[in-house]
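2 protein chains.
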Amino acid sequence: MGKLRIAIIGAGPCGLAQLSAFKQAEQEQQVELVCFDRQSDWGGLWLYTSKIGIDVNGEPVHSSMYRHLWSNNPKELFEYPDYTFYNHFGCYLPSHLPRVLIYDYFIGRAKANNLRQFIRFNTAVRHVDFNDDKKEFSVEIEDLNTNSFECLSFDRVIVANGHYHMPNMIAIDGLDQYPGRVIHSHEFRGADEFKNQNLLIIGSSFSADDIAVQCYKFGAKSITVSCRQKPIGYKWPSAIKDAAMITRIDGQTAHFNDGSSVDNIDAIIICTGYRHSYPFMSRRLCLQADVTEFVPANLYKSIFWIDQPFVAYLGAPRQIFSFPLFDGQAALVRDVFLGHIKLPDKNEMKIDVDKWRTREKSMSPTDFFAMVDLQTDYMKDIINLLHTYKNNQSLLTFDFDKGGEMTKRFLTNKVNDILHYRDASYESIVDTNHSKTIDICKSWIENMDDSMENLLNDYRKIL
Amino acid sequence: MGKLRIAIIGAGPCGLAQLSAFKQAEQEQQVELVCFDRQSDWGGLWLYTSKIGIDVNGEPVHSSMYRHLWSNNPKELFEYPDYTFYNHFGCYLPSHLPRVLIYDYFIGRAKANNLRQFIRFNTAVRHVDFNDDKKEFSVEIEDLNTNSFECLSFDRVIVANGHYHMPNMIAIDGLDQYPGRVIHSHEFRGADEFKNQNLLIIGSSFSADDIAVQCYKFGAKSITVSCRQKPIGYKWPSAIKDAAMITRIDGQTAHFNDGSSVDNIDAIIICTGYRHSYPFMSRRLCLQADVTEFVPANLYKSIFWIDQPFVAYLGAPRQIFSFPLFDGQAALVRDVFLGHIKLPDKNEMKIDVDKWRTREKSMSPTDFFAMVDLQTDYMKDIINLLHTYKNNQSLLTFDFDKGGEMTKRFLTNKVNDILHYRDASYESIVDTNHSKTIDICKSWIENMDDSMENLLNDYRKIL
Numbered sequence: 002m003g004k005l006r007i008a009i010i011g012a013g014p015c016g017l018a019q020l021s022a023f024k025q026a027e028q029e030q031q032v033e034l035v036c037f038d039r040q041s042d043w044g045g046l047w048l049y050t051s052k053i054g055i056d057v058n059g060e061p062v063h064s065s066m067y068r069h070l071w072s073n074n075p076k077e078l079f080e081y082p083d084y085t086f087y088n089h090f091g092c093y094l095p096s097h098l099p100r101v102l103i104y105d106y107f108i109g110r111a112k113a114n115n116l117r118q119f120i121r122f123n124t125a126v127r128h129v130d131f132n133d134d135k136k137e138f139s140v141e142i143e144d145l146n147t148n149s150f151e152c153l154s155f156d157r158v159i160v161a162n163g164h165y166h167m168p169n170m171i172a173i174d175g176l177d178q179y180p181g182r183v184i185h186s187h188e189f190r191g192a193d194e195f196k197n198q199n200l201l202i203i204g205s206s207f208s209a210d211d212i213a214v215q216c217y218k219f220g221a222k223s224i225t226v227s228c229r230q231k232p233i234g235y236k237w238p239s240a241i242k243d244a245a246m247i248t249r250i251d252g253q254t255a256h257f258n259d260g261s262s263v264d265n266i267d268a269i270i271i272c273t274g275y276r277h278s279y280p281f282m283s284r285r286l287c288l289q290a291d292v293t294e295f296v297p298a299n300l301y302k303s304i305f306w307i308d309q310p311f312v313a314y315l316g317a318p319r320q321i322f323s324f325p326l327f328d329g330q331a332a333l334v335r336d337v338f339l340g341h342i343k344l345p346d347k348n349e350m351k352i353d354v355d356k357w358r359t360r361e362k363s364m365s366p367t368d369f370f371a372m373v374d375l376q377t378d379y380m381k382d383i384i385n386l387l388h389t390y391k392n393n394q395s396l397l398t399f400d401f402d403k404g405g406e407m408t409k410r411f412l413t414n415k416v417n418d419i420l421h422y423r424d425a426s427y428e429s430i431v432d433t434n435h436s437k438t439i440d441i442c443k444s445w446i447e448n449m450d451d452s453m454e455n456l457l458n459d460y461r462k463i464l
Numbered sequence: 002m003g004k005l006r007i008a009i010i011g012a013g014p015c016g017l018a019q020l021s022a023f024k025q026a027e028q029e030q031q032v033e034l035v036c037f038d039r040q041s042d043w044g045g046l047w048l049y050t051s052k053i054g055i056d057v058n059g060e061p062v063h064s065s066m067y068r069h070l071w072s073n074n075p076k077e078l079f080e081y082p083d084y085t086f087y088n089h090f091g092c093y094l095p096s097h098l099p100r101v102l103i104y105d106y107f108i109g110r111a112k113a114n115n116l117r118q119f120i121r122f123n124t125a126v127r128h129v130d131f132n133d134d135k136k137e138f139s140v141e142i143e144d145l146n147t148n149s150f151e152c153l154s155f156d157r158v159i160v161a162n163g164h165y166h167m168p169n170m171i172a173i174d175g176l177d178q179y180p181g182r183v184i185h186s187h188e189f190r191g192a193d194e195f196k197n198q199n200l201l202i203i204g205s206s207f208s209a210d211d212i213a214v215q216c217y218k219f220g221a222k223s224i225t226v227s228c229r230q231k232p233i234g235y236k237w238p239s240a241i242k243d244a245a246m247i248t249r250i251d252g253q254t255a256h257f258n259d260g261s262s263v264d265n266i267d268a269i270i271i272c273t274g275y276r277h278s279y280p281f282m283s284r285r286l287c288l289q290a291d292v293t294e295f296v297p298a299n300l301y302k303s304i305f306w307i308d309q310p311f312v313a314y315l316g317a318p319r320q321i322f323s324f325p326l327f328d329g330q331a332a333l334v335r336d337v338f339l340g341h342i343k344l345p346d347k348n349e350m351k352i353d354v355d356k357w358r359t360r361e362k363s364m365s366p367t368d369f370f371a372m373v374d375l376q377t378d379y380m381k382d383i384i385n386l387l388h389t390y391k392n393n394q395s396l397l398t399f400d401f402d403k404g405g406e407m408t409k410r411f412l413t414n415k416v417n418d419i420l421h422y423r424d425a426s427y428e429s430i431v432d433t434n435h436s437k438t439i440d441i442c443k444s445w446i447e448n449m450d451d452s453m454e455n456l457l458n459d460y461r462k463i464l
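From first to last, the protein sequence lines are chains A and B.
Numbering-wise, the first sequence is residues 2 to 464 according to the numbering used here.
Numbering-wise, the second sequence is residues 2 to 464 according to the numbering used here.
Please keep in mind that the hints were generated in silico from the structure rather than gathered at the bench.
Everything numeric in this text was worked out from a predicted model, so none of it was measured.
Just to be clear, a hint being listed does not mean it is correct.
[Said to hold, decoys possible] Partial list, computed: chain A residues near chain B (C-beta under 10 Å):
1. Asp-105
2. Ile-108
3. Gln-178
4. Val-183
5. Glu-188
6. Ile-233
[Said to hold, decoys possible] Calculated from the model, a selection of chain B residues having no Cβ within reach of chain A, i.e. all distances over 12 Å:
7. Asp-156
8. His-187
9. Glu-188
10. Val-263
[Unchecked claim] Below, simulated DSS-like cross-link-like pairs (lysine-lysine); rule was C-alpha separation at most 25 Å, straight line:
11. Lys-196/A x Lys-112/B
12. Lys-196/A x Lys-218/B
13. Lys-443/A x Lys-196/A
14. Lys-391/B x Lys-222/A
15. Lys-218/A x Lys-362/A
Built from N, CA and C at the ideal position, the CB exists for glycine as well.
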C-alpha cells in the first residue's frame, strides 16, 4: 500500500498545527503531506498587509489584522505546550503582546519544525469532492502565478482556512447612501486613520470592543458602540458610549431602536463578525454553521465531517483557547488518520454531537464562563483520546483546568478595566521553569510603539 | 419548437441594453429571457453603495462608484438614440453630469421598457457550461436570499457582468507594511475623506486623473501621481505633481525609478485598473483578455465566443463609446440569436478578428485618437450588419463619425484644462430637436453639491 496522501488547506495557525502534529509522528513514514495556501507566505490571518479588498492575484485579501493589534487574551492561553514563549524569545514578556511578536512566535515553531517544505504557496484550492468509485478526493487547485489548473488525488482532506476572513455583513437601512467612510472590521487597518473623528461602531463582540479602545487610544473624538444585545457593561472612558441597536442611518445621523440618535458620525466600522466560507468544498462536504457556535451540527468532536469523516475541519468552533485547541484537534486528526484511533459509527458520532450541542444550547449566549467551562471540558475530552508519542507529553499534560480558570480571571479583568486589562500578567501554564508574573514596563494605553524591538528592549532586562 | 431560452448575466448597462434590444423585436415572441443579477437592484456598476469589501450576501461589493463622481466624457457620447436626455429630464443639462443623473437616466429607459419583469435579483450565477450532448447550456445559480441552488437550461448565454469590478492590483515592494491607508480605486468612495492629506496615486489612466482632480477639489494637501509611462501632460494645479514609476514604499516614503522620492505620504490610492473576471464560466468558455484591449482574441466582433458562438460577451472591449456601443452590440446579439443574421464560419470569424487586432496592435497605446477612429469604424461595422425593425431607426442612423469627432474635441479639452474640461458643452448627436450647447451655471471645480435637485434647479430655467 502506498503512502496516505493528505491535503491540508491553509498554512495559518491551524494548517501549521496540523503539519507540526504529523511531525511528532514522523518516525511513521506513512503519509504524504501537501499544504496549499493562496497567500504568498505562511501565517494565514496573521500575515499582515496594509491592503484591503483584492490582492495581486485577484483573490480576496485574507488578513483581518490591524497595525496596532495586541492580543486580547493573555499569551499563556495560547502558548504551545511544546514550544514556549520563553524558549522562543529568551526573556519574560508581558501577557498581552502586539501582533508582530505573536506572528514571530508561532512562525518560530513552524521554522523549528521545518514545515515550509510541505507548503505550496500562491495556490488556491478551487474544488474538493470525494469520488465514491475511486474512494479518493479530487482536489482542483490553481497556481496563481501561472493561472494553471491541476487536479490532484488525496485520501484525506483537512480544511484549515479559518473563519475570520469572510465578513458577516448586516443590512442597515440607509447605509448604502451614508456620506462617509464605511468599513467592516475586516478592512480596519489602523486606528490612527480615525483620529479626531466621531465614530459609530456596530457590534458587541471582541472586534467591537477592541476597535473601540484602539480608536480611543489613537485619538478618536467620540465613539458610539451600538449593539443588538444588552451591552456587556465595560467601564468605557467618557469618549466611548454604548448605544442601543441601530435601526437606520440618515445622512450622518444614526438612529437606534430606543428612539435615541447620534449626529455627525464621520465613519462607521461594522464589527458584526465573520462567517464560515468554504466555497471550494463540494456542497455535500461543506460546513455551514454560525461562527458563534462551538459545536457545529455536522462535525464529530467539532472536527470530523460525520457523513464523510475523511474530511476534517480544524479550528471550526468559536474559540477561547486558540493555538492549544488547534494543537489538540490536529493531534486527534493525525491519530485518526494514522489509524491509532477508530472513530465510532455515524450514529454514535451524532449522539456525541447532540450531547455537546444540548449543553451549548442550554447556556445563555452571554455567559462566557459557561463557554469557558464547555471548552475546557472539550479540550480534556480531546486530549484523553490521543495516542501517545515520545514527544507529545507536553500536550497530553497541558492543564486545561488552569487555562479555564485563567480565562475567567482575564475576562473579569477586562470587564473591570477595559483600558488596563492588558497590563495584567499571568503565569505560564506549560513552562514550569518560567512561570511567574512580571511587572509591565509601560501600560498598553500609553505604549504607542508596538514594534518588536521596542518591546524586547524593555523586557530583556527582566530576569 | 419551443421558445429560445436566453440567459443574460448582469442587469447593469449592458444587460439592460440587451433586454431593451429584445424589446425592439417584441412582436417576435420567440424568446424566453431571464436576466440574473447578484445585486438587489439594477444598475450594475452604477448602483452606488458606501460599502466596500463584502456585501450582506457574502458577495464582493460590485460597485466602483464614488460619491462625487461626475461623468468624465460628455453625455452626448453615451446618449441612447431611442431615449434622449432631454426626453428624460425635460430640460437642457450640462454635458458632464454627476452619477445620480446618469443612473436616473439609464434606469429611466429600463423602466420605460418595463424590463424589471425579466430580472432575478439577489441571484448569483455560479457555473455555466455547454452540454455537448443536449446542445444546451447548464446554468447553475444560487438564490442569495435562501442560499439554495438551481440548475437551469438555456439555449444562449449572454455575459454582461462588466469588467470594472475586479481590481487589477500590482505588486509594490514594501506596500504590505505601509503604515497608512491603502485602497484600490474600487474602494474609493469619497474625495472628502482625504482632505488635508498628502496622497500618492498610482496609475495613469482615467481613474488616476479623475481621482487626482477629485481629491484636489475636496482639499487634499498634495497629490503625487506615479505612472509607468510618460505622463499624459495634464496641466495640473500646483498641488498635483507627476512622478515616475513607483519602485518601493519605505515607511511613509515613496521611491520612484528616476531616483526621486516623496515623503510623508498619508494615503495611497492604487488606480491600476481592472481585470476581466468571469469565474462562473467554465474554462473553455471563459474570456481571458487584457481590459486595455479593444479586440479580444477569441471574440468575433468583440462579442461572440468563436469556439461556441451561442455565448456572447457584452461590453468586453475597452470602451470610448459606452451606452451606444452596448446598444449596438446588444442589437447584433439579438439579430444573430433570432436568426436574422448568420455568423460566418469559424475561420472567417478568426480572419475578421485578426484584421481588427492587427489594426489595434499597429497603434501606439497612447494614441487616443487612433483608438477613437478604431471604435468609430467598429461601431459603423456593427450597425451595418443589423436587421431593420420598425423602431430601431435611431440606432441605425446614429452618426458615429460625429461621435468620434466629438470625442477628439473633448479629449483635447481635457488635456488643455483638466480642471475645467467638464464645463464645456456639446450638441446632442441623436436629438436633433434639442441639439445645442449651453452655458454652464457653475463650474465643476466650484460645484460641491452633486445632488439631482441642485442640478435640475439650476438648469430647468434654460429654454
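Consistency of the hints with the structure:
Because the beta carbon of Asp-105/A sits about 14 Å from the nearest beta carbon in chain B, more than 10 Å, this interface hint is broken. Hint status for Ile-108/A: violated, given a least beta-carbon distance of 15 Å to chain B, over 10 Å. Below 10 Å, beta-carbon pairs count as interface contacts, and Gln-178/A has one with chain B at about 7 Å; its hint therefore holds. Taken as an interface hint, Val-183/A checks out: its beta carbon lies about 5 Å from the nearest beta carbon of chain B, inside 10 Å.
A least Cβ separation of about 5 Å between Glu-188/A and chain B falls short of the 10 Å threshold, and the interface hint therefore holds. Interface hint status for Ile-233/A: violated, as the beta-carbon distance to the closest one in chain B is roughly 25 Å, over 10 Å. Separation of Asp-156/B from chain A is adequate, the least Cβ-Cβ distance of about 27 Å exceeding the 12 Å criterion. Chain A draws His-187/B into its interface by the beta-carbon criterion, the shortest separation being 6 Å against a cut-off of 12 Å.
Against chain A, the non-interface label of Glu-188/B is violated: not every CB pair exceeds 12 Å, the least being about 5 Å. The claim that Val-263/B is not at the interface with chain A holds, since no C-beta of that chain comes within 12 Å of its own (minimum 17 Å). Proposed proximity of Lys-196/A and Lys-112/B is contradicted: the alpha carbons are some 45 Å apart, above 25 Å. About 23 Å separates the Cα atoms of Lys-196/A and Lys-218/B, which keeps this hinted pair within 25 Å; it holds.
Of the pairs offered as hints, the one joining Lys-443/A and Lys-196/A holds, with about 22 Å between alpha carbons and a cut-off of 25 Å not exceeded. Between Lys-391/B and Lys-222/A, the direct Cα distance comes to roughly 64 Å. Violation of the 25 Å bound is thereby established for this hinted pair. Pair hint Lys-218/A plus Lys-362/A does not hold up; C-alpha atoms about 37 Å apart against a cutoff of 25 Å.
Of the numbered hints given earlier, the model fails hints 1, 2, 6, 8, 9, 11, 14, 15; all others are met.
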